[in-house]
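Q: Given next are the chains, with one letter for each unit.
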Amino acid sequence: ETGVTQTPRHLVMGMTNKKSLKCEQHLGHNAMYWYKQSAKKPLELMFVYSLEERVENNSVPSRFSPECPNSSHLFLHLHTLQPEDSALYLCASSQEQGLNSPLHFGNGTRLTVT
Amino acid sequence: SQKIEQNSEALNIQEGKTATLTCNYTNYSPAYLQWYRQDPGRGPVFLLLIRENEKEKRKERLKVTFDTTLKQSLFHITASQPADSATYLCALDSDTGRRALTFGSGTRLQVQP
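Those protein sequence lines, which keep their order, are chains S and U.
Residue 53 in our numbering sits at position 47 of the first sequence, with consecutive numbering throughout.
Residue 101 in our numbering sits at position 100 of the second sequence, with consecutive numbering throughout.
Treat the hints as calculated values from the structure; they're not laboratory data.
Please note: incorrect hints may appear among the correct ones.
Straight-line Cα separation of at most 25 Å, BS3-like style, residue types lysine-lysine; simulated pairs [as the list claims (entries may be wrong)]:
#1 U:LYS56 to U:LYS72
#2 S:LYS47 to U:LYS72
#3 U:LYS72 to U:LYS58
#4 S:LYS47 to U:LYS4
#5 U:LYS18 to U:LYS64
#6 S:LYS28 to S:LYS47
#7 S:LYS46 to U:LYS4
#8 U:LYS64 to U:LYS4
#9 U:LYS72 to U:LYS60
#10 S:LYS46 to U:LYS72
#11 U:LYS18 to U:LYS60
#12 U:LYS4 to U:LYS58
Chain S regions said to be covered by chain U (calculated; three or more residues, Cβ under 8 Å) [what the hints assert, rightly or not]:
#13 71-79
#14 107-115
Note that CB positions come from ideal geometry on N, CA and C, so glycine has one too.
Required output: the full structure, derived from the provided sequences and hints.
A: What follows is the structure, encoded as structure tokens:
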């Protein structure tokens, strides 16, 4: 158990579907993140939330919509995705939103868009 | 543009030897550098953090160096074991003001028994 739980672990969706990824952290951290990991590419930062406020939106297409209802939960709402959006989506948390604060990752949601 | 380079080719070593992985960066002046381990199908796990004013950091069989002149960090695993086989990622802060880590693409380490 990593302290950061992501559900579902695997998701297959069509391009017209709407789905949501869920992340929950049990560590009492104040910052949460979404990263995208595609094959043979570095992790790409998508969104950062600090104390439930979005502080970073890394030019992510609007078909990805994050939501942070409280400091323990983070969602990524998906709609009208493209096949190139297929990837491993990783959620992470840190004690505070600072560059010297290690990230604690969940095990990701493997997303396949057909 | 800013760039982080890790050897994309897998590193194969014999059990008991020291593994050395390299992280080079350009157009950065990072204040911190972090190393993570990632196993297949799992999220990365934090290993070590080193600050720009620290030359070396150790944790059990792990050692990290940080040379801001060479713009390079070396990650060493001494007395390597097959269980050390994984992908190792380095991560830095960013000069662009982005308030989160930027990761390299990682190096796959395979320790042969």
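Q: Would you mind marking each hint as holding or not holding in the structure?
A: Hint check results:
1. U:LYS56 to U:LYS72: Cα-Cα ~12 Å, so holds.
2. S:LYS47 to U:LYS72: With Cα atoms ~21 Å apart, S:LYS47 and U:LYS72 stay inside 25 Å; holds.
3. U:LYS72 to U:LYS58: holds (16 Å)
4. S:LYS47 to U:LYS4: This hinted pair holds, its Cα atoms lying about 13 Å apart.
5. U:LYS18 to U:LYS64: Measuring from Cα to Cα gives roughly 14 Å; hence the hint holds.
6. S:LYS28 to S:LYS47: holds (23 Å)
7. S:LYS46 to U:LYS4: holds (16 Å)
8. U:LYS64 to U:LYS4: Holds, at roughly 23 Å.
9. U:LYS72 to U:LYS60: Holds, because 22 Å separates the two Cα atoms, which is no more than 25 Å.
10. S:LYS46 to U:LYS72: At roughly 23 Å apart (the allowed maximum being 25 Å), U:LYS72 and S:LYS46 satisfy the hint.
11. U:LYS18 to U:LYS60: holds (17 Å)
12. U:LYS4 to U:LYS58: Answer holds: U:LYS4 to U:LYS58 is near 23 Å, not above 25 Å.
13. 71-79: As far as the region 71-79 of chain S goes, the hint is violated, because 0 residues have Cβ atoms under 8 Å from chain U.
14. 107-115: n = 7 at 8 Å, threshold three: holds.
Of the hints listed earlier, the one the structure fails to meet is number 13.
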